[in-house]
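Q: Listed below are the residues making up each chain.
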Amino acid sequence: MIDRAQVLHVAKLARLALSEQEVEQMSRELSAVLDHIEKLSELELDGVAPTSHVIDVVNALRPDEPRPSLPRDVALANAPEPLEQGFGVPSPGAS
Amino acid sequence: MSELIELTASQGIERIQDGDVTAAALFEAYRQRAAADAEDLNAFTWVADAAPEQDGAQQAPLAGVPLAVKDLFCTEGVPSQSGSKILEGYRPPYTATAVEKLTHAGATLLGKTNQDEFAMGSSNENSAFGPVKNPWDRERVPGGSSGGSAAAVAAGLAPWALGTDTGGSIRQPAALCGIVGLKPTYGAISRYGMIAFASSLDQAGPFTRDVTDAALLLRHMVGQDPCDSTSLAHPDEIALPQGVDLRGLKLGVPEELTGEGIESGVRETFNATLALAEQLGASVETCSLPHAPHALSAYYLIAPAEASANLARFDGVRYGMRVDADDLLGMYTQTREAGFGAEVKRRIMLGTYALSSGYYDAYYGRAQQVRTKVAEDFRAAFERFDLLVTPTAPSVAFRLGEKVDDPLAMYLNDVCTVPMSLAGIPAISIPNGLSDGLPTGFQLCGPAFSENRLLNAAYVLEQALGFDGSPARG
Chain Z
1 MIDRAQVLHV
11 AKLARLALSE
21 QEVEQMSREL
31 SAVLDHIEKL
41 SELELDGVAP
51 TSHVIDVVNA
61 LRPDEPRPSL
71 PRDVALANAP
81 EPLEQGFGVP
91 SPGAS
Chain D
1 MSELIELTAS
11 QGIERIQDGD
21 VTAAALFEAY
31 RQRAAADAED
41 LNAFTWVADA
51 APEQDGAQQA
61 PLAGVPLAVK
71 DLFCTEGVPS
81 QSGSKILEGY
91 RPPYTATAVE
101 KLTHAGATLL
111 GKTNQDEFAM
121 GSSNENSAFG
131 PVKNPWDRER
141 VPGGSSGGSA
151 AAVAAGLAPW
161 ALGTDTGGSI
171 RQPAALCGIV
181 GLKPTYGAIS
191 RYGMIAFASS
201 LDQAGPFTRD
211 VTDAALLLRH
221 MVGQDPCDST
231 SLAHPDEIAL
241 PQGVDLRGLK
251 LGVPEELTGE
261 GIESGVRETF
271 NATLALAEQL
281 GASVETCSLP
291 HAPHALSAYY
301 LIAPAEASAN
311 LARFDGVRYG
321 MRVDADDLLG
331 MYTQTREAGF
341 GAEVKRRIML
351 GTYALSSGYY
361 DAYYGRAQQV
371 RTKVAEDFRA
381 AFERFDLLVT
391 PTAPSVAFRL
401 GEKVDDPLAM
411 YLNDVCTVPM
421 SLAGIPAISI
431 PNGLSDGLPT
441 GFQLCGPAFS
451 ENRLLNAAYV
461 LEQALGFDGS
471 PARG
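Protein sequences appear in the order of chains Z and D.
Sequential numbering of the first sequence, starting at 1, is according to our numbering.
Sequential numbering of the second sequence, starting at 1, is according to our numbering.
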C-alpha cells in the first residue's frame with residue numbers, strides 16, 4: 001500500500017507537480033501494481049548476485065582523442081530559451 | 001500500384017535490381033498510401049514529402065526500398081518525439097546509428113511511426129498522437145509499444161519497419177498484427193540515437209512480412225558502435241534463412257509460459273504448430289523455467305527504475321516544450337506534469353519509488369537478483385534444447401479502451417516476452433494463424449547470438465504454415 005504522503009514524497013523526488021486527482025489515482029494504481037510485485041518477497045534469494053547488465057562487457061574503452069562536437073548553434077537549435085549562447089532558465093529563486 | 005504493395009522488401013529489391021521497377025516508383029507507391037493514411041490507422045507521425053536524394057541507393061544492397069522508422073529513433077532534421085508531447089517540435093541534430101547503417105545500405109526513410117509514449121505500453125494507446133488501430137479490426141489495438149510500425153507493415157503502408165523491444169514491444173505487436181518481429185540479442189545493435197526507455201533492456205529490431213526480410217534487415221543493422229559502449233560485434237554474419245525441415249532440432253516448451261493465462265484460441269494455434277514442428281522432424285519436449293512467473297514483477301521494477309533515471313533529462317531546458325514558471329523548480333515540475341502522459345508518470349513514480357531510500361533493497365535490488373535467476377533458468381534449458389517456443393502474447397488483439405484503465409491487466413500482456421528481455425537473448429515472433437479472425441503469434445527464442453539458428457527454424461515453420469497476411473492490406 002502506498003499512501004498519499006508517500007505519493008507526494010515520490011512525486012517531489014521525481015519532479016512531477018501531480019494534480020490532486022492524480023495523487024489519488026497514483027495511490028490506488030501503484031498499490032495494485034506493488035501488491036502484485038510483492039510476490040517477489042516469497043523467493044529465496046540469499047547470496048544471489050544481482051544482474052544490472054546481461055552482457056559481460058567490462059570497461060569499454062576508446063582512445064582519448066579529440067573529435068568535433070556539435071556546433072553551438074546546432075546544439076541550441078531545439079532550446080526553448082536560447083540565451084547568450086547558452087540555455088536560458090528561470091531563476092532558481094528561494095526554493 | 002497495388003501490385004507493388006504486394007511485394008516483400010526482398011522481392012522489391014530484386015525487381016529494382018532487375019530493372020523492372022524503379023526505387024522511386026516503389027517509394028512513391030508507399031509514400032502515397034502512408035501520407036493519405038489509406039487504411040485509416042494513424043500509424044504514422046510523419047511521412048516524407050518525396051523520396052530522399054540518396055546517391056547510389058539503388059545500387060546499394062537495400063536498393064532504395066523505403067523503410068518506416070519508429071518515432072523514438074533520432075533522425076536528423078526530422079521530427080522525433082518518442083510519441084510524447086514533452087518533445088513537441090524536437091528535430092534531432094543527428095541520426096541514430098541503426099537508421100544510419102540502414103540508409104548507408106540503401107534504405108530510404110519513408111516516415112516515422114506512432115508508438116506508445118517513450119515505448120511504455122502494450123496497446124499503442126499511450127501516444128500523444130492518439131491510438132493506432134489494428135488493420136485486422138479497426139476497433140482493436142495493434143499492440144505496443146511499436147504499434148505504428150507493426151500496423152504499417154501489416155497494412156501495406158510500408159514494406160518493412162524498425163521498432164524497439166524492451167519487454168516485448170516488437171514481438172507482441174508483430175503477433176497482434178500478423179507479421180514477423182525480431183528482438184535481437186541485447187547489444188547486437190547500437191542503441192545510439194534511440195530515445196531511451198530502459199537502457200539495460202532496450203533493443204532495436206525489424207518488423208517484416210516474412211522471415212527472409214527480417215534476416216536481411218537485421219544483417220545491415222548489427223555491429224559494434226563506438227557511440228554505444230554496450231554494443232558488441234555479432235560473432236556471425238547474419239545469413240538469409242534456409243532449410244526444408246527441422247530434423248535434429250530440439251525444441252523446449254516452458255510449462256510456465258504455456259499454461260494458465262493463455263487464451264484457449266491462442267493455445268490451440270500454438271499446439272497445432274508444435275505438432276507441425278514434430279512432423280517437420282523437430283523433437284518437442286516440455287521444460288521448466290522456474291523463475292519465469294516472477295519475471296514480469298522483476299521487469300516492472302527494473303524497467304520503470306531505469307526509465308525514471310532516463311526521463312530525468314526532460315526538464316524543459318535543452319529541448320522540447322516548456323511551461324513557464326517563476327522559478328526553476330516550478331518550471332521543471334510543471335513542464336513534466338504537462339508534458340508526460342498518464343502511463344509515463346505512473347512508471348516514473350513506480351521507478352522512483354523502487355529506487356528511493358528505504359525501498360531500494362526490497363524492490364530494485366531484489367528484482368536484479370530475480371533477473372539473475374531468470375537468465376540462469378534459460379542457460380540451463382539451452383543445455384538440453386536448441387530453442388524454446390511459446391505463444392508470443394496470451395491473447396489476440398483486444399479492444400481499444402478495454403485495458404487502458406487497468407495497468408496490471410495491461411502489463412500481463414508481456415508475460416511471455418519479458419523473460420527473454422531480462423535474459424538479453426534473441427527471440428522472434430512469426431504469424432501463427434488466426435483465432436476468431438485475428439492473428440496469433442508463435443515465439444521462438446535461443447541463446448545469445450543464435451539469430452541464424454532462430455531465423456532458420458522460423459523460416460521452415462513459416463513455409464509450412466503458409467500464413468496469408470493479405471487480408472490486412474486492404
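For the record, the hints were derived by calculation from the structure and aren't laboratory data.
In this text, all values refer to a predicted model and were calculated from it rather than measured experimentally.
Take these hints with a grain of salt, some might be off.
[Said to hold, decoys possible] In silico DSSO-like cross-links for lysine-lysine, where the CA-CA straight-line distance does not exceed 27 Å: (1) Z:K39 x D:K403; (2) D:K403 x D:K85; (3) D:K85 x Z:K12.
[Unchecked claim] Label pairs and their in silico Cβ distance ranges: (4) Z:E24 x D:R247: 55 to 63 Å; (5) Z:P71 x D:G89: 38 to 46 Å; (6) Z:A49 x D:E28: 49 to 57 Å; (7) D:A272 x Z:D35: 30 to 38 Å; (8) D:R313 x Z:H36: 51 to 59 Å; (9) D:E255 x Z:P71: 51 to 59 Å; (10) D:P52 x Z:F87: 28 to 36 Å; (11) Z:H53 x D:S470: 36 to 44 Å; (12) D:Q59 x Z:L43: 55 to 63 Å.
Built from N, CA and C at the ideal position, the CB exists for glycine as well.
Q: With reference to the structure, classify each hint as holding or not holding.
A: Checked hints:
1. Simply put, K39 (chain Z) and K403 (chain D) have alpha-carbon atoms about 23 Å apart, close enough for the 27 Å limit, and the pair holds.
2. Distance hint between K403 (chain D) and K85 (chain D) is fulfilled; the C-alpha atoms sit about 22 Å from each other, no more than 27 Å.
3. With a C-alpha separation of about 21 Å, the suggested pair K85 (chain D) and K12 (chain Z) falls inside the 27 Å cut-off, and the hint holds.
4. Between E24 (chain Z) and R247 (chain D) the CB atoms are about 60 Å apart, so this pair conforms to the stated range of 55 to 63 Å.
5. Checked against the given bound of 38 to 46 Å, the beta carbons of P71 (chain Z) and G89 (chain D), roughly 20 Å apart, lie outside it.
6. Against the hinted window of 49 to 57 Å, the Cβ-Cβ separation of A49 (chain Z) and E28 (chain D) comes to about 55 Å, which satisfies the hint.
7. A beta carbon spacing of about 37 Å between A272 (chain D) and D35 (chain Z) agrees with the range 30 to 38 Å that was offered as a hint.
8. Between R313 (chain D) and H36 (chain Z), the C-beta spacing of about 29 Å breaks the proposed range 51 to 59 Å.
9. Here the CB-CB span from E255 (chain D) to P71 (chain Z) is close to 58 Å, well matched to the stated 51 to 59 Å.
10. Between P52 (chain D) and F87 (chain Z) the CB atoms are about 31 Å apart, so this pair conforms to the stated range of 28 to 36 Å.
11. Distance hint check: the CB atoms of H53 (chain Z) and S470 (chain D) are about 42 Å apart, consistent with the given range 36 to 44 Å.
12. In this structure, Q59 (chain D) and L43 (chain Z) meet the distance hint of 55 to 63 Å, their C-beta atoms being roughly 56 Å apart.
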